[in-house]
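**Q** Following the hints, complete the assembly by docking chain B onto the known chain A.
Number of protein chains: 2
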Amino acid sequence: MKIVVLKFGGTSVGTIEKIKKVAQIIGSYRKKKYKIIVVSSAMSGVTNELIRKSYAISKNFSDSEYDTLLSTGEQVACSLIAGRLIHNGFKSRSWLAWQLPILTSGNYKNSRIYHVNKNKILNYIHKGGIPIITGFQGINQNQRITTIGRGGSDASAIMIAKFFKAHRCIIYTDVEGVYTTDPNKLNKAKKIKIISYEEMLEMASLGAKVMQPVSIQDARLNRINVEVKSSFKKSSGTLITKRTNIISNKIITGISSTQNDSKVSLIGVRDKPGVAASIFKPLSKNSINVDMVVQNISANGKETDLTFTIKTEDLKKTKKIIENNKNIKFRKLFLKKDVAKISIIGVGMVTTPGVTFRMFQTLANKKINIQVISTSEIKISVLIDKKDTKKP
Amino acid sequence: MKIVVLKFGGTSVGTIEKIKKVAQIIGSYRKKKYKIIVVSSAMSGVTNELIRKSYAISKNFSDSEYDTLLSTGEQVACSLIAGRLIHNGFKSRSWLAWQLPILTSGNYKNSRIYHVNKNKILNYIHKGGIPIITGFQGINQNQRITTIGRGGSDASAIMIAKFFKAHRCIIYTDVEGVYTTDPNKLNKAKKIKIISYEEMLEMASLGAKVMQPVSIQDARLNRINVEVKSSFKKSSGTLITKRTNIISNKIITGISSTQNDSKVSLIGVRDKPGVAASIFKPLSKNSINVDMVVQNISANGKETDLTFTIKTEDLKKTKKIIENNKNIKFRKLFLKKDVAKISIIGVGMVTTPGVTFRMFQTLANKKINIQVISTSEIKISVLIDKKDTKKP
Numbered sequence: 352m353k354i355v356v357l358k359f360g361g362t363s364v365g366t367i368e369k370i371k372k373v374a375q376i377i378g379s380y381r382k383k384k385y386k387i388i389v390v391s392s393a394m395s396g397v398t399n400e401l402i403r404k405s406y407a408i409s410k411n412f413s414d415s416e417y418d419t420l421l422s423t424g425e426q427v428a429c430s431l432i433a434g435r436l437i438h439n440g441f442k443s444r445s446w447l448a449w450q451l452p453i454l455t456s457g458n459y460k461n462s463r464i465y466h467v468n469k470n471k472i473l474n475y476i477h478k479g480g481i482p483i484i485t486g487f488q489g490i491n492q493n494q495r496i497t498t499i500g501r502g503g504s505d506a507s508a509i510m511i512a513k514f515f516k517a518h519r520c521i522i523y524t525d526v527e528g529v530y531t532t533d534p535n536k537l538n539k540a541k542k543i544k545i546i547s548y549e550e551m552l553e554m555a556s557l558g559a560k561v562m563q564p565v566s567i568q569d570a571r572l573n574r575i576n577v578e579v580k581s582s583f584k585k586s587s588g589t590l591i592t593k594r595t596n597i598i599s600n601k602i603i604t605g606i607s608s609t610q611n612d613s614k615v616s617l618i619g620v621r622d623k624p625g626v627a628a629s630i631f632k633p634l635s636k637n638s639i640n641v642d643m644v645v646q647n648i649s650a651n652g653k654e655t656d657l658t659f660t661i662k663t664e665d666l667k668k669t670k671k672i673i674e675n676n677k678n679i680k681f682r683k684l685f686l687k688k689d690v691a692k693i694s695i696i697g698v699g700m701v702t703t704p705g706v707t708f709r710m711f712q713t714l715a716n717k718k719i720n721i722q723v724i725s726t727s728e729i730k731i732s733v734l735i736d737k738k739d740t741k742k743p
Numbered sequence: 352m353k354i355v356v357l358k359f360g361g362t363s364v365g366t367i368e369k370i371k372k373v374a375q376i377i378g379s380y381r382k383k384k385y386k387i388i389v390v391s392s393a394m395s396g397v398t399n400e401l402i403r404k405s406y407a408i409s410k411n412f413s414d415s416e417y418d419t420l421l422s423t424g425e426q427v428a429c430s431l432i433a434g435r436l437i438h439n440g441f442k443s444r445s446w447l448a449w450q451l452p453i454l455t456s457g458n459y460k461n462s463r464i465y466h467v468n469k470n471k472i473l474n475y476i477h478k479g480g481i482p483i484i485t486g487f488q489g490i491n492q493n494q495r496i497t498t499i500g501r502g503g504s505d506a507s508a509i510m511i512a513k514f515f516k517a518h519r520c521i522i523y524t525d526v527e528g529v530y531t532t533d534p535n536k537l538n539k540a541k542k543i544k545i546i547s548y549e550e551m552l553e554m555a556s557l558g559a560k561v562m563q564p565v566s567i568q569d570a571r572l573n574r575i576n577v578e579v580k581s582s583f584k585k586s587s588g589t590l591i592t593k594r595t596n597i598i599s600n601k602i603i604t605g606i607s608s609t610q611n612d613s614k615v616s617l618i619g620v621r622d623k624p625g626v627a628a629s630i631f632k633p634l635s636k637n638s639i640n641v642d643m644v645v646q647n648i649s650a651n652g653k654e655t656d657l658t659f660t661i662k663t664e665d666l667k668k669t670k671k672i673i674e675n676n677k678n679i680k681f682r683k684l685f686l687k688k689d690v691a692k693i694s695i696i697g698v699g700m701v702t703t704p705g706v707t708f709r710m711f712q713t714l715a716n717k718k719i720n721i722q723v724i725s726t727s728e729i730k731i732s733v734l735i736d737k738k739d740t741k742k743p
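Same order as they appear, the protein sequences are chains A and B.
The first sequence begins at 352 in my numbering and counts up by one.
The second sequence begins at 352 in my numbering and counts up by one.
In isolation and in its complexed conformation, chain A is listed as follows (with noise of 0.2 Å):
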């Protein structure tokens, strides 16, 4: 039996017309051959309203009742997409974490998701019902409803089709796939057709919000196939899979940016073991996301630079830190506001020479200046100034 899971996140299910498209939705799959397990996230809105609630009954709200409190948002759109089910003529019915149940370690608010009790569901799906699961959530050891931390619903999907052995977990959005580059600032964007788990992670971090990263790390890991496509439009979307599975003859899958960095450069820092820690150490402590990191080599021995990018809110902090430290000693100290990361990714690259040369040339025939570059196995990423971002 061939099992799809079908994950529905908030914006999918944000009113009742389009829980009713929903349910549509998932009804179509009955003509085909699969078995489906639909997990839910809150209507949209449900969440955020439900935290403001919490604030305003505590700004320290207790973490427990916290979970609790927010699992109530799936409960109520899972029941509502097995009414309209329902309905519509199908067996169905919402099935709550604790019923499976779904249980989690960790804490609350942050807890993961480590085993997926799958015998009711398989029970139920034999008899021909669509169980309709809660995402986002489970029940830890005191018996006491936590939610996922990173991920959410997504992860939840995931770790629902890694128990189930599931043949694919299709990830029902409010966009149609995973683009090259953000279709809202490019025309030429392409949505992809199909993209590696390593890609994808590279895509996600650097700001294609298709998924959480977490999740597509999960994804990965245990080798499930995913798709994300558009719960309103009929088109195909965007699949997610190992290397292997990709037949391709491109270089490049796609191209990513990020707005809002600061560049960070200490110049004349010690060459010499522990440095580089000495100075992320604090940072790291202070809460402040280091990116892109390149060390020049040394070309004395005893001197080398350092430049780094972060948060451009947080390049105030930054320049404290690194001011107040008597542990990170340099010559000078240069700032940067206005800097922009471009990215190509694609597994086609590490076995296709020229594409550096290419990228680089593209740039310099527009005159923009690369002022960092740093390379992995299928990524390059260059530092520009935030203005050339807009060139044509």
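The hints are simulated quantities; they were obtained by calculation from the structure and are not laboratory data.
Watch out, some of these pointers could steer you wrong.
The list makes no distinction among identical chains, and a pair is therefore deemed to hold if it is satisfied within one copy or across any two copies.
[Stated by the list, open to error] Derived lysine-lysine pairs resembling DSSO-like cross-links, with alpha carbons at most 30 Å apart: (1) 623 - 513; (2) 410 - 382; (3) 593 - 541; (4) 404 - 471; (5) 585 - 404; (6) 371 - 353; (7) 671 - 738; (8) 410 - 585; (9) 460 - 404; (10) 369 - 460; (11) 584 - 404; (12) 560 - 539; (13) 410 - 369; (14) 460 - 471; (15) 442 - 404; (16) 404 - 369; (17) 636 - 718; (18) 371 - 404; (19) 371 - 469; (20) 471 - 382; (21) 680 - 653; (22) 668 - 585; (23) 544 - 410; (24) 542 - 585.
All values derive from a computational prediction rather than experimental measurement.
**A** Below, chain B without anything else, positioned relative to chain A:
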């Protein structure tokens, strides 16, 4: 250990500010020697909004999903109350019906609590915790959420009080207690300090909407002392208890009146077995609620007159049913709109001669014509013209 159950209704927890007030009330019990169990309804308006959603999904929404949907209302209220108590420095947590569990039987939307598992709650109370239990719900043998059909959260509180052998069950609501008559209609209305279950049952079914009759009946059967009081005012409420607990010289506990009643009289009905049934069966089938029923003694042994009251909104329907039903034989049909039922209630009446006479004399002095009289052990009801209810 003396346990007190505190139950808060929807209006008592209707806003964040009211929930903060409720948390103060709960906290104040800690200064007394009692252990507390709290039962809460959903925030007022929330349940209706959920019902509206279910109706928008389907005019014939699944009963089981309806219960799962509605149960979120109490879950939200309980987590917010517990969150506020934790904020105030107390040990507290929400307890969802499935976490105890509270076991129900019967149909969805109309289940009854048959068992409350005490172990976890007793253990929690012994450790100094204040449990906040979701009212209006339980789980059935299929481990699905059901809602309590009649009595709602009041019924939950009474059953919890029963199983924990609570010293008292305090129903916090938006009124200050039970009054001798409707305080909105008559300035002379006085709050009743103590009332028997039986009197309260008569009061409740006559329109004193403080508690649902089924919950009063449950309290009576289990001999639970129930106090009704206001969440907003610091006055003592009304204690509902068994007759023998009441030492009172008062003959009459309360006066109640109904509005919007109509009187139906069938003249010349055959005086033989089964006639009344033949009249009331079709009315019952059409969900028409018959209130007072009076049948005079047959003068000639062959024919009698039958009078009953119904809600005015049902008058047309009733007329149609009676006229079109060939099984109902009578000579004349009289219909009269705008009648009112005035009742006086009091356990003292049964042992005090002359109460009936004094009521009738008072009405006669005011030139108010009595149309129908009906008496029980602790109640006298008369039917008068609606316009006469306003005579001073």
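**Q** Hint by hint, which ones does this structure get wrong, listed from lowest number up?
**A** 1, 17, 22 and 23
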